[in-house]
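S.K.: Sequence:
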Amino acid sequence: MAYDNPIPGWNTPNTINLRLWSAKPSSEFDLESFNTGDYVQAILSKQRAETISSVLYPDDRTYQGKELRLKQQYFMVSATLQDVIRRYLVNHTSFDEFPNQVALQLNDTHPTIGVPELMRLLMDEHGLGWTKSWDITSKVFSFTNHTVLPEALEKWPIALVEKVLPRHMQIIYDINWRFVQELRGVLGDDYIRIGRMSIIEEGTGEKMVRMAHLAMVASHTVNGVAAIHSELIKTTIFKDFYELMPEKFQNKTNGVTQRRWLAFCNPKLRDLISKTLGDDVWIRELDMLKGLEKYADDAEFQSEWRAIKHANKERLAEFIHQKTGTVVNPNALFDIQVKRIHEYKRQLLNVLSIVHRYNAIKAATPKERESMVPRVCVIGGKAAPGYDMAKRIIKLVCSVGDKVNNDPDVGDLLKLVFIPDYNVSSAEIIVPGSELSQHISTAGTEASGTSNMKFAMNGCLIIGTMDGANVEIAEEIGKENMFIFGASATEVPILRAERSRFKPPPEFDAVVTQIRSGAFGWAEYFAPVCDAVHGGADYYLLANDFADYLRAQQLVDATYKDEAKWTKMSILSTAGSGKFSSDRTIREYAKEIWGIEP
1 MAYDNPIPGW NTPNTINLRL WSAKPSSEFD LESFNTGDYV QAILSKQRAE
51 TISSVLYPDD RTYQGKELRL KQQYFMVSAT LQDVIRRYLV NHTSFDEFPN
101 QVALQLNDTH PTIGVPELMR LLMDEHGLGW TKSWDITSKV FSFTNHTVLP
151 EALEKWPIAL VEKVLPRHMQ IIYDINWRFV QELRGVLGDD YIRIGRMSII
201 EEGTGEKMVR MAHLAMVASH TVNGVAAIHS ELIKTTIFKD FYELMPEKFQ
251 NKTNGVTQRR WLAFCNPKLR DLISKTLGDD VWIRELDMLK GLEKYADDAE
301 FQSEWRAIKH ANKERLAEFI HQKTGTVVNP NALFDIQVKR IHEYKRQLLN
351 VLSIVHRYNA IKAATPKERE SMVPRVCVIG GKAAPGYDMA KRIIKLVCSV
401 GDKVNNDPDV GDLLKLVFIP DYNVSSAEII VPGSELSQHI STAGTEASGT
451 SNMKFAMNGC LIIGTMDGAN VEIAEEIGKE NMFIFGASAT EVPILRAERS
501 RFKPPPEFDA VVTQIRSGAF GWAEYFAPVC DAVHGGADYY LLANDFADYL
551 RAQQLVDATY KDEAKWTKMS ILSTAGSGKF SSDRTIREYA KEIWGIEP
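For the sequence shown, our numbering begins at 1 and goes up steadily by one.
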């Protein structure tokens with residue numbers, strides 16, 4: 001069942017539709033079963049069908065979860081491809097024009113089952129031969145990769161694919177056989193390398209289908225989503241492919257829409273920018289924000305800028321109170337980290353530094369506390385349903401918050417809240433009200449990030465590593481207008497190799513020991529979290545970056561005390577964010593991948 005959502009353009013007469021799919025049973029009700037008294041059986045087929053689209057991305061640690069996930073992916077791509085072909089055939093009698101009329105972008109590996117599905121539709125449903133079907137398939141598909149983590153590249157057990165989609169498994173075997181023959185023509189009998197590149201993974205364990213390799217083989221173009229990421233995939237996860245087919249690889253740095261992430265969610269700032277620049281053309285051509293640079297030192301403009309930020313902070317403070325019951329001071333520095341909860345995004349590094357800050361406040365004299373910058377630390381995000389460590393980190397955030405927020409010694413100097421059920425609607429309040437935003441992934445692990453762009457666009461300063469889109473944000477707004485710390489992507493592999501010999505700084509050890517000893521309760525539950533960063537296990541190098549992170553945080557405090565300097569950096573952050581519009585990103589996809597003109 002198709003559900004169309006109209007998407008109107010901005011200041012144009014155009015509206016497109018976003019077509020979503022819902023699973024429905026072929027027949028709503030089994031009357032025969034009902035009449036014989038089997039009331040459960042009468043509605044089972046309805047429930048089985050509707051389960052496919054009722055909850056996306058179930059926990060896939062179980063076989064049933066994996067099977068449902070595969071069914072979901074197949075359901076979505078098959079419905080879409082059948083619809084695309086149906087619409088194409090309204091005006092065409094052959095498939096000769098199909099590659100000129102259709103472009104299919106694989107958004108990571110999840111829709112890659114669409115490759116054998118298009119082959120199946122063309123061959124089995126429309127009578128085309130293999131050669132013609134493959135020629136069409138390899139001209140319409142292109143592939144966007146979103147990760148440098150090998151474990152995040154999707155693989156399916158062959159036994160599962162054979163059970164759920166037997167015809168597709170046949171087609172995948174055929175695609176792989178032809179691909180391996182091509183590789184042998186180039187590489188000769190280098191079976192180790194051919195094995196590394198094969199779509200079918202045959203190791204000591206279960207045979208798997210490597211969906212990323214299937215996408216690589218079938219697509220005419222492969223792109224990363226930030227400059228550093230697009231270079232890294234050439235030397236890491238897709239090294240073998242890049243050496244043989246370098247012409248396939250491109251970069252398309254992500255973008256976000258300024259219509260939603262500035263003009264809509266921050267109306268007071270939108271109006272100030274339009275008044276200052278003389279019109280609202282910048283909402284369509286975001287590069288025009290550059291015009292704000294000449295007002296960065298203007299005292300009157302700075303005053304208006306600060307007043308808008310304060311109003312947004314008051315709105316966010318009210319939201320925090322409503323969602324968490326915690327009252328926060330809108331005059332404090334609002335320090336935000338909202339994103340998917342994952343070890344590589346290092347919410348744990350943030351929490352450890354908050355514990356360190358808490359300890360410093362507790363140890364300070366009343367006189368020393370007077371000179372400290374008050375902080376409201378906000379963490380939010382969701383974790384994959386089966387990701388145990390992420391759930392423990394969320395619990396740690398909440399437990400530290402409980403202790404800190406209820407300590408009379410601390411008062412308004414420090415608050416820590418976890419925003420439940422983080423989503424776009426809450427982000428529309430959080431982003432305009434933030435002053436410091438954390439993008440602190442281990443260098444070389446974050447493909448791009450887009451929340452960093454949203455925060456920078458709204459005049460929020462970034463504390464972060466040189467990772468993902470942070471690298472390009474630094475180029476655009478100036479490294480001096482960010483708080484950069486940590487090891488570089490080239491240093492990370494060397495540090496990982498030496499981590500068993502690395503001695504963590506005493507401040508780091510002290511905080512981890514404090515958590516392990518039960519200072520925030522739940523000692524046993526938090527033990528695996530402590531184990532993950534102690535004793536040479538620290539894969540994401542929290543201990544290595546901890547001292548430099550604390551240095552950057554001290555610089556944040558010192559800068560925040562200089563109101564004019566902080567405001568200038570905030571204005572320059574917005575002024576330099578023109579590149580990060582999704583308009584620019586989509587123009588690049590259209591021109592350089594899909595080959596279409598406006």
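Be careful, since some hints might not be right.
[Stated by the list, open to error] Okay, derived cross-link-like pairs now, DSS-like style, lysine-lysine, Cα gap no bigger than 30 Å in a straight line:
#  : residue 1 : residue 2
1  : Lys239    : Lys252
2  : Lys252    : Lys46
3  : Lys561    : Lys275
4  : Lys155    : Lys294
5  : Lys252    : Lys207
6  : Lys568    : Lys234
7  : Lys561    : Lys362
8  : Lys362    : Lys71
9  : Lys294    : Lys139
10 : Lys591    : Lys132
11 : Lys239    : Lys323
12 : Lys275    : Lys139
13 : Lys294    : Lys275
14 : Lys234    : Lys163
15 : Lys24     : Lys252
16 : Lys579    : Lys268
17 : Lys46     : Lys71
18 : Lys479    : Lys561
19 : Lys382    : Lys561
20 : Lys382    : Lys367
21 : Lys139    : Lys252
22 : Lys568    : Lys395
23 : Lys24     : Lys561
Think of the hints as simulated: they come from the structure by calculation, not from any bench. Keep in mind it's a predicted model, so treat the numbers as computed, not measured.
S.K.: Compare the structure with each hint and give your call.
M.R.: Verification of the hints:
1. Lys239 - Lys252: Distance of about 19 Å is within 30 Å: holds.
2. Lys252 - Lys46: violated, 42 Å
3. Lys561 - Lys275: Holds, at roughly 29 Å.
4. Lys155 - Lys294: Outside the cut-off at roughly 52 Å; violated.
5. Lys252 - Lys207: violated, 33 Å
6. Lys568 - Lys234: violated, 38 Å
7. Lys561 - Lys362: holds, 21 Å
8. Lys362 - Lys71: Violated, because 54 Å separates the two Cα atoms, which is more than 30 Å.
9. Lys294 - Lys139: violated, 47 Å
10. Lys591 - Lys132: holds, 26 Å
11. Lys239 - Lys323: Judged against 30 Å, a Cα distance of about 46 Å means the pair is violated.
12. Lys275 - Lys139: Roughly 47 Å between the alpha carbons, so the hint for Lys275 and Lys139 is violated.
13. Lys294 - Lys275: Within the cut-off at roughly 14 Å; holds.
14. Lys234 - Lys163: violated, 34 Å
15. Lys24 - Lys252: violated, 37 Å
16. Lys579 - Lys268: Holds - the C-alpha atoms of Lys268 and Lys579 are around 22 Å apart, at most 30 Å.
17. Lys46 - Lys71: holds, 16 Å
18. Lys479 - Lys561: holds, 20 Å
19. Lys382 - Lys561: At roughly 33 Å apart (the allowed maximum being 30 Å), Lys561 and Lys382 break the hint.
20. Lys382 - Lys367: violated, 40 Å
21. Lys139 - Lys252: With Cα atoms ~19 Å apart, Lys139 and Lys252 stay inside 30 Å; holds.
22. Lys568 - Lys395: Not OK: Lys568 and Lys395 at ~37 Å, beyond 30 Å, violated.
23. Lys24 - Lys561: violated, 59 Å
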